[in-house]
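Knowing the structure of chain A, use the given hints to seat chain B on it.
These protein sequences, in sequence, are chains A and B.
Okay, so the first sequence: first residue is 1 according to my numbering, each after it adds one.
Okay, so the second sequence: first residue is 1 according to my numbering, each after it adds one.
Hint data in this document are derived by calculation from the structure and do not stem from the laboratory.
No residue lacks a Cβ here, since even glycine has one placed at the ideal position from N, Cα and C.
Hints should not be assumed to be uniformly reliable.
Sample of chain B residues lacking proximity to chain A, with all beta carbon distances greater than 12 Å (derived) [as the list claims (entries may be wrong)]:
{"id": "1", "residue": "Ala53"}
{"id": "2", "residue": "Pro56"}
{"id": "3", "residue": "Gly70"}
{"id": "4", "residue": "Lys73"}
{"id": "5", "residue": "Gln125"}
{"id": "6", "residue": "Leu226"}
No farther apart than 16 Å at their CA atoms in a straight line, the calculated lysine to aspartate or glutamate pairs in the EDC-like style are these [what the hints assert, rightly or not]:
{"id": "7", "chain 1": "B", "residue 1": "Lys228", "chain 2": "A", "residue 2": "Glu158"}
{"id": "8", "chain 1": "B", "residue 1": "Lys252", "chain 2": "B", "residue 2": "Asp49"}
{"id": "9", "chain 1": "A", "residue 1": "Lys87", "chain 2": "A", "residue 2": "Glu187"}
{"id": "10", "chain 1": "A", "residue 1": "Lys134", "chain 2": "B", "residue 2": "Asp143"}
{"id": "11", "chain 1": "B", "residue 1": "Lys227", "chain 2": "A", "residue 2": "Glu158"}
{"id": "12", "chain 1": "A", "residue 1": "Lys115", "chain 2": "A", "residue 2": "Asp126"}
{"id": "13", "chain 1": "A", "residue 1": "Lys134", "chain 2": "B", "residue 2": "Glu89"}
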Amino acid sequence: MNRRPLLALILLLPMLVRQASASALEAQQRLHGAVDEVLAVADRVADRRALADKLRPVLQRHVSFETMTRRAIGPGWRQFTSDQQRKATQLFTTLVIRTYSNKFTPGERPVITYKTAVAHAAGRVDVPTTLVYKGSHYSVTYRMEQEGGWRIADVVIEGVSMIANYRSQLDAQFKKAGAPAVISSLEQSVARPQ
Amino acid sequence: MRPAHHHLLRLLIPAAVVLLSQCATTKTKTSTAASKPSVVGTDARDDYDVVEASDPLEGLNRATFSLNDGLYKFVLRPISKGYETITPEPVRHGIDNVFDNIKFPVRFVNSGLQGKFGRAGKEVQKFGVNTIAGFGGLIKQSDRIPSLADVPAEDAGQTLATWGIGHGPYIVLPVLGPSSVRETVGLAGDYALNPINWGFAMKSDARKYAWIPQAANTFRQLPEQLKKYDDARSDAVDPYLAVRSAYYQNSKAAVEQ
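Pulled out of the complex, with its shape left as it was, chain A reads as follows (with noise of 0.2 Å):
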């Protein structure tokens, strides 16, 4: 009967997959440099709260802080007002730069191994490394998605995916006191003493 379809996608899928592996290796790059970027500024930068403030512009380049804050929030996110969504996004931003300059030493440089790149789906890539710090192994995945590039959408460490974890805690957040609950927590943390 109708074939052709499926006749076309048979012809078509090497191409597609080679789109795939081209995409998948496009992230992975895209996550090199990055990578590359922040461990020149962490080398230099012995202070770790000066630290936060010197990767702050390297990450908003290369991390999709809005995509991250949306999810990490969940579906409580449609009901924020855009006023509130700029500000748990400012908020949120702050929080993972923080909890990520926080996971350096100074003068330990981590040895990265880069594994083979998987495209899950249109315009997302996992990109699983294997970290070598202070002479423990630690498994990381990067979630790179297109966003007119490629950005680190979400850093998976031993398995725990930061967004989901987030994300647990600020639904909670949500549903017990809506949208004004959710920033003042955020707000909270950001100004816990490190």
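Then chain B, alone, in the frame of chain A:
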């Protein structure tokens, strides 16, 4: 958190068995609830889900959690700091490697029980390489061999998961921290498989000194365990939920490996 302490475990094992037999009947209910996502994503590529824990004891768990938090802060952290101060990093690393190497039967038996015989074979190779070329496990030579560098460690909790046993309710154990009924039972199984606990089965004078390797094992694990805990806790909006989510995600990933 799983620094094993025998007295505590002896108390916990019967309790855990009771809980497991109870949850075996309610298991189907919790597992369907856990597998059904309650929310839809915020965009087309959003595949995150918030339903991950069965936590009927949340009130009690939160109380134990804050008790543990105080204990870590005021008792365990000072001990851990003391250990870090008197023992240089390379020495601590060597000690960790030795204990990790001795724990070989835990990984070997559980790999076998899960039908992962290739992985069990790799564990044997690792044990051989590290014991002989690594001076009794002091140096982890297997890290230099690509095929042996990243062998996922199996434990009894993962074995039970492979056999189709669900987590059961989340429980925060006193001192030991986040766990589930399944993992608590697993902890007991791994306790029996770990040679450092075998001293108690001996008849001779060795029995008198059987606590020493256990105590040493507890001490040497403190810095890393506390670091893991701090990582899950710091910058959290709700530390209890952050640790619970990290615990479930991490153990799910370990089972899938």
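How the hints compare with the structure:
{"no.": "1", "hint": "Ala53", "in the structure": "8 Å, violated"}
{"no.": "2", "hint": "Pro56", "in the structure": "16 Å, holds"}
{"no.": "3", "hint": "Gly70", "in the structure": "18 Å, holds"}
{"no.": "4", "hint": "Lys73", "in the structure": "15 Å, holds"}
{"no.": "5", "hint": "Gln125", "in the structure": "17 Å, holds"}
{"no.": "6", "hint": "Leu226", "in the structure": "14 Å, holds"}
{"no.": "7", "hint": "B/Lys228 <-> A/Glu158", "in the structure": "11 Å, holds"}
{"no.": "8", "hint": "B/Lys252 <-> B/Asp49", "in the structure": "14 Å, holds"}
{"no.": "9", "hint": "A/Lys87 <-> A/Glu187", "in the structure": "10 Å, holds"}
{"no.": "10", "hint": "A/Lys134 <-> B/Asp143", "in the structure": "14 Å, holds"}
{"no.": "11", "hint": "B/Lys227 <-> A/Glu158", "in the structure": "14 Å, holds"}
{"no.": "12", "hint": "A/Lys115 <-> A/Asp126", "in the structure": "10 Å, holds"}
{"no.": "13", "hint": "A/Lys134 <-> B/Glu89", "in the structure": "10 Å, holds"}
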